[in-house]
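Student: Protein chains in written order, with this note's numbering: chain A, 1 to 225; chain B, 1 to 256.
Hints listed in this document are in silico derivations from the structure and should not be mistaken for laboratory results.
Bear in mind the structure is a predicted one, so any value in this text is a computation, not a measurement.
Misleading hints may appear alongside valid ones.
[As the list claims (entries may be wrong)] Have a look at the derived ranges for each label pair, beta carbon to beta carbon:
#1 A:A62 to B:P222: 41 to 47 angstroms
#2 A:P140 to B:P222: 27 to 33 angstroms
#3 B:Q234 to A:P140: 56 to 62 angstroms
#4 B:L35 to A:V202: 54 to 60 angstroms
#5 A:T139 to B:L196: 40 to 46 angstroms
#6 A:A108 to B:G248: 48 to 54 angstroms
#7 B:S224 to A:P140: 47 to 53 angstroms
#8 A:E129 to B:R41: 25 to 31 angstroms
#9 A:E124 to B:R50: 41 to 47 angstroms
#10 B:V244 to A:M132: 51 to 57 angstroms
#11 A:R112 to B:A36: 36 to 42 angstroms
#12 A:E124 to B:L196: 48 to 54 angstroms
#13 A:A108 to B:L53: 26 to 32 angstroms
We treat Cβ as the ideally placed atom computed from N, Cα and C, and that holds for glycine.
Each chain, letter by letter, is given below.
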Amino acid sequence: MIEIDELEGVHFRLPRARVPAGELAAVVAPTVACAREFVDLLLGLADPAQGAVRLLGQPLAALDAAGRLALRARLGFAAQEEGLVGHLALGQNILLGAGYHRGQDAGALDARVRTLLGWCGWPEEEAQEAFMRQPDEATPFERSTSAWLRALLGEPELLVCENLFSGLAAEQRGRLIAASVNFLAEDPRRGSVFVLVGDRLVEELQPTSMLYLSLRGDFRAESEA
Amino acid sequence: MSTAHGTVQPGHADLPDFTGGVDLFLHIAGRVRQLARPPVRAALWHQVERGALDFAGLTAVMGAVSGFFAIATVEVGFGLGVTLGVRVFQALVLGQLAGFVCALLLIAGPGTAAMVELGLMRHQGELRTLQLIGIDPRDLLVLPRVVGFAFALFVLTFVFQAAAILGGFALAALFTRVSFTQQLVALSATLEPSALVISAARDLVLGAAIGMLVCTQGLVAPFSPARMPRIASQLLSRSLVVLVVVQGGTSLLFRS
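Okay, chain A solo, but in the shape it has when bound:
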């Protein structure tokens, strides 16, 4: 599902790593910038200084911009900060990916939304009310869950979450983690990667595999300078 070979970005290094299907992987980044850069390199939004990434069996280096966009359409990406489109209501954000890639509208997705809301323990009436809000009027839980719902409505082969739990209470984090485990259990060919900043939440997440990003020496030297 994911194969990484000596990946090196501006901020971090990651030695050889592999995440097969069915895994719930945690990637521990030392800083927000590392987490962000890792996601960009993993999903082919930027090219690494060194190393290579194979995603869903495809080497990113061999794909052009259009090929990478098409590959990302098979994935689900969720982030709380900057993870939603600011001028769209949460409900519109949730439908964005499935609407764009699969041409599905709210009616077609209604049953799936209900199932996913049930998984993450978000009462339907409360959620429908929140869906009318803009992201800047929503709570961190509403933003995180909306980004998560958008990612899953596209029926992705791989779920990638970037710093999704920032500012959430333990109980809210637990609901999203349990829901993500349900998503994996539904189809063993799927996988998920949670990029965390720091290892504080690793115990709660209980990942089946762990990757640690290490800061690049020259970055530390630059910071000190």
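Dock chain B against chain A, hints included.
Tutor: Positioned in the frame of chain A, the structure of chain B alone reads:
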């Protein structure tokens, strides 16, 4: 493709591989089929609604008042009669003023708003989010805006022209000795269908050009919240140049 360095700084995930408006236009010209996707269609409708329908009432009032003043000035002020009055009305109000006023309205209101919205999206890293979920930002942000501005200008100008004819003639009939029917007959004798087609085509081209300028200023030109006033005035000045060139060029070419 963004550089690795660029990706770690929020607000700098710009549109990849694009240097300017023409480049962007050529790309989206080949992407018209993307309008079939529900979110792109919704964005197009939103743009038409915000650009045209929200301003339709104001445009109608301006059209009626402009029409009245043009006819009253020529017919009553200069005493030149209904035929000449309607001819001047047709050339000046329907041919020039309608498109000019509506384009200005579009630039100053929805155009500036859309430019700021796009710039803030870029500044807040939302272009990165769109790319990470497999959506080309040009499909969702540029295409519906360019097409939306074209339709919006077309609709606004049509409303202005219709209000100028109906409202302007009605007001002129109220305040002068010329009847509504006399004016309509005079207009129908001189108004050629080709003039309407040229006017419509010009509005679509001009609206699309304004949409391109808005998107270029918001998504490609250097942007930051502190630079917003300068960017807004750049948008206005560039749009005015395009407006004068398109309006003047059409008049010269077709003598409308």
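Student: Now tell me, hint by hint, if it's right for this structure.
Tutor: Hints versus structure:
no. : hint                                 : result
1   : A:A62 to B:P222: 41 to 47 angstroms  : violated, 33 angstroms
2   : A:P140 to B:P222: 27 to 33 angstroms : holds, 32 angstroms
3   : B:Q234 to A:P140: 56 to 62 angstroms : violated, 37 angstroms
4   : B:L35 to A:V202: 54 to 60 angstroms  : violated, 45 angstroms
5   : A:T139 to B:L196: 40 to 46 angstroms : violated, 53 angstroms
6   : A:A108 to B:G248: 48 to 54 angstroms : holds, 50 angstroms
7   : B:S224 to A:P140: 47 to 53 angstroms : violated, 26 angstroms
8   : A:E129 to B:R41: 25 to 31 angstroms  : holds, 26 angstroms
9   : A:E124 to B:R50: 41 to 47 angstroms  : violated, 31 angstroms
10  : B:V244 to A:M132: 51 to 57 angstroms : violated, 43 angstroms
11  : A:R112 to B:A36: 36 to 42 angstroms  : violated, 22 angstroms
12  : A:E124 to B:L196: 48 to 54 angstroms : holds, 52 angstroms
13  : A:A108 to B:L53: 26 to 32 angstroms  : holds, 28 angstroms
In the structure shown, a violation is registered for the earlier hints numbered 1, 3, 4, 5, 7, 9, 10, 11, in ascending order.
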